[in-house]
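Number of protein chains: 2
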Amino acid sequence: MDKKKVMVAIDESECSHYALQWALENLGDAISKSDLIIFTARPNEFIYVQASMFGTAPPDLLMSMQENQKTAALALLGRAKEICAKHGVVAETMTEMGDPKNVICEAAEKHKIQLLIVGSHSRGPIQRAFLGSVSNYCVHNAKCPVLVVKKPVE
Amino acid sequence: MDKKKVMVAIDESECSHYALQWALENLGDAISKSDLIIFTARPNEFIYVQASMFGTAPPDLLMSMQENQKTAALALLGRAKEICAKHGVVAETMTEMGDPKNVICEAAEKHKIQLLIVGSHSRGPIQRAFLGSVSNYCVHNAKCPVLVVKKPVE
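For the protein sequence lines, the chains are A and B, in the order given.
Residue numbers for the first sequence follow the UniProt record's numbering, beginning at 1 and rising by one.
Residue numbers for the second sequence follow the UniProt record's numbering, beginning at 1 and rising by one.
Derived by calculation from the structure, the hints in this document are not laboratory data.
Just to be clear, a hint being listed does not mean it is correct.
Note: identical chains are not told apart, hence a pair may lie in one copy or across any two.
Below 27 Å or equal to it, Euclidean Cα-Cα: the simulated DSSO-like pairs (lysine-lysine) are [claimed, not checked]:
#: 1; residue 1: LYS33; residue 2: LYS70
#: 2; residue 1: LYS3; residue 2: LYS70
#: 3; residue 1: LYS110; residue 2: LYS70
#: 4; residue 1: LYS110; residue 2: LYS4
#: 5; residue 1: LYS86; residue 2: LYS33
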């Protein structure tokens, strides 16, 4: 039987790191006996906003912004990998460029993920509508089971 | 350290039984090493609808309807317990009367649940708005992490 695949989607927010930490501490062999994939999206809106400010952005400016974003994503995934290693778990990392909510669901489907884990804030309804939009979208649209871990309010 | 507590909320739908089954098969020691609680709500709208049809419903009619509903809930929990036993898991059962989405979240908080598991349908947006309302509410309102397990479309 193939090993199960669990994917944790992270970004730079504290709540997504809390979700990863929670999964490592609470899901036991559902994590340790599975292939764990840490995924982060590289949103591309930023690039287009900047490009439009410059009329047509010089290709090397676009290129350098994309490079910076890639470096940031790799640093994020590197830190997540270290957190996993502290729990004795070797994680694979992945990143795709695009709207986070879409690329997370697409990656989960493409890689035949059995369990998708996302973080969310436990805040009031207005902030929640904005901040929780990625987790909300994943719950409604991912084909696999989705675990939403909220960072408790301190 | 206290044992962790996992709660699976079920009703008579196929998708909630799928969620229980999925959890037993996929969550390994996160289930077997925790206290597993199977919870079902006994909605009380039915009673009031019936009561209003009769003007003031005779107290023994109300009583007998409540009894029937309790018997149905206990049968549901009994079947869920058997499914757990087949996986070598001894589950505790609980039921409360009230609006399912509220009593599920209240029970999760009252019993200090670490992980709440709910089933959901993976259907189109209109059916989803109705059928998925309990799981949706739990994701937004429960204080603990919530795992939404969708029954795949066959």
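Status of each hint after checking the structure:
{"no.": "1", "hint": "LYS33 - LYS70", "result": "neither (30 Å within a copy, 40 Å between copies)"}
{"no.": "2", "hint": "LYS3 - LYS70", "result": "neither (29 Å within a copy, 42 Å between copies)"}
{"no.": "3", "hint": "LYS110 - LYS70", "result": "within (21 Å within a copy, 44 Å between copies)"}
{"no.": "4", "hint": "LYS110 - LYS4", "result": "within (14 Å within a copy, 33 Å between copies)"}
{"no.": "5", "hint": "LYS86 - LYS33", "result": "both (16 Å within a copy, 22 Å between copies)"}
The earlier numbered hints that this structure contradicts are 1, 2.
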